[in-house]
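Keeping their order, the protein sequence lines are chains G and F.
In terms of the working numbering, the first sequence opens at residue 2 and continues consecutively.
In terms of the working numbering, the second sequence opens at residue 1269 and continues consecutively.
Mixed in with the good hints there might be a few duds.
What the hints assert, rightly or not - According to the in silico footprint, chain F covers these stretches of chain G (three or more CB under 8 Å from chain F): (1) 19-32; (2) 70-81; (3) 119-128.
What the hints assert, rightly or not - Among chain G residues calculated to face chain F with C-beta under 8 Å, some are: (4) P85; (5) L112; (6) S115.
Hints listed in this document are in silico derivations from the structure and should not be mistaken for laboratory results.
Keep in mind that this is a model prediction, so the values were computed, not measured.
The beta carbon of each residue, even a glycine, is placed where N, CA and C say it ideally should be.
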Amino acid sequence: MKPLHLLFPAQRTRLPEVAEAIHSFGCEAGWPEAVCLQIELALEELLVNIMDYGYPDRPPGQIELMLQASPDNLNITVADDGVPFNPWQHATPNLEVPLEERMIGGLGIHLVKSIMDSCTYSFFESRNRVILTKSL
Amino acid sequence: MLTLQSNKRDATLVVSLEGRIDATSARALEQQCLAWIDAGEKRLVFDLSQVQYISSAGLRTFLLTARKMASVQGDLRLAALNQTVTHVFEISGFSKLFAIYPLLETALAA
């Protein structure tokens, strides 16, 4: 199946169209609806992080997103030229504490890790690159 | 895209949501929920049967709303989560934080 390759500004206003493109890609690949929604979720969490924190003192750059799917495997690359940030270094939030003490920070990244089988990070030539894989 | 309908049943405000609670829609929902509590609502039941998708932005909305509700000794319930939404509540540990009911009617009757 032809990979999905998207390049878009790191701005939240672009999220709906990106979600739509991921959904169409998943439908075409024949994923169950639940899998489509999980992949959308993982990517929303990662993209929002980059959009909100990647460009604190300069105009948003471009995010590059690539989805490659075989019948039993999905490989996703997300690259950006924002500040160096390794999302997987975040501590997992404590999921056992009561409502009043629950922190929301880090929850999105925890969801990504729960959904995907592997998550890697590298920083090379001023670019953050996250690679996610999932068996389908 | 998220649409919202609310109607009062006795002392309870029933909020029916339809669509996606994501980074784009969560903020407006959060403001509306906090405004209801400010206006004196003490019992909120959310009917999530038509919600297909929730991300951490949506979880945050429910967390903040529940905290505010707790501060006024109010009651917040969630009803009719589909499988996908239930899964997100489970992996985030949120299923333990909320009163979740299989159906709207059971949430209202409990």
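Here is what the structure says about each hint:
1. Counting residues of the segment 19-32 of chain G whose beta-carbon sits less than 8 Å from any beta-carbon of chain F gives 1, not enough to reach three: the coverage restraint is violated.
2. Closer than 8 Å: that is the beta-carbon criterion, and the segment 70-81 of chain G has 0 residues meeting it against chain F, so the requirement of 3 is violated.
3. A count of 0 residues in the segment 119-128 of chain G with a Cβ less than 8 Å from any Cβ of chain F is obtained; the coverage claim is therefore unmet, three being the minimum.
4. Hint on G/P85 is violated. Least Cβ distance to chain F is approximately 22 Å, over the 8 Å limit.
5. Because the beta carbon of G/L112 sits about 6 Å from the nearest beta carbon in chain F, less than 8 Å, this interface hint is met.
6. Checking G/S115 against chain F: minimum C-beta separation of about 4 Å stays under 8 Å; hint holds.
Against the hints set out earlier in the document, violations occur for numbers 1, 2, 3 and 4.
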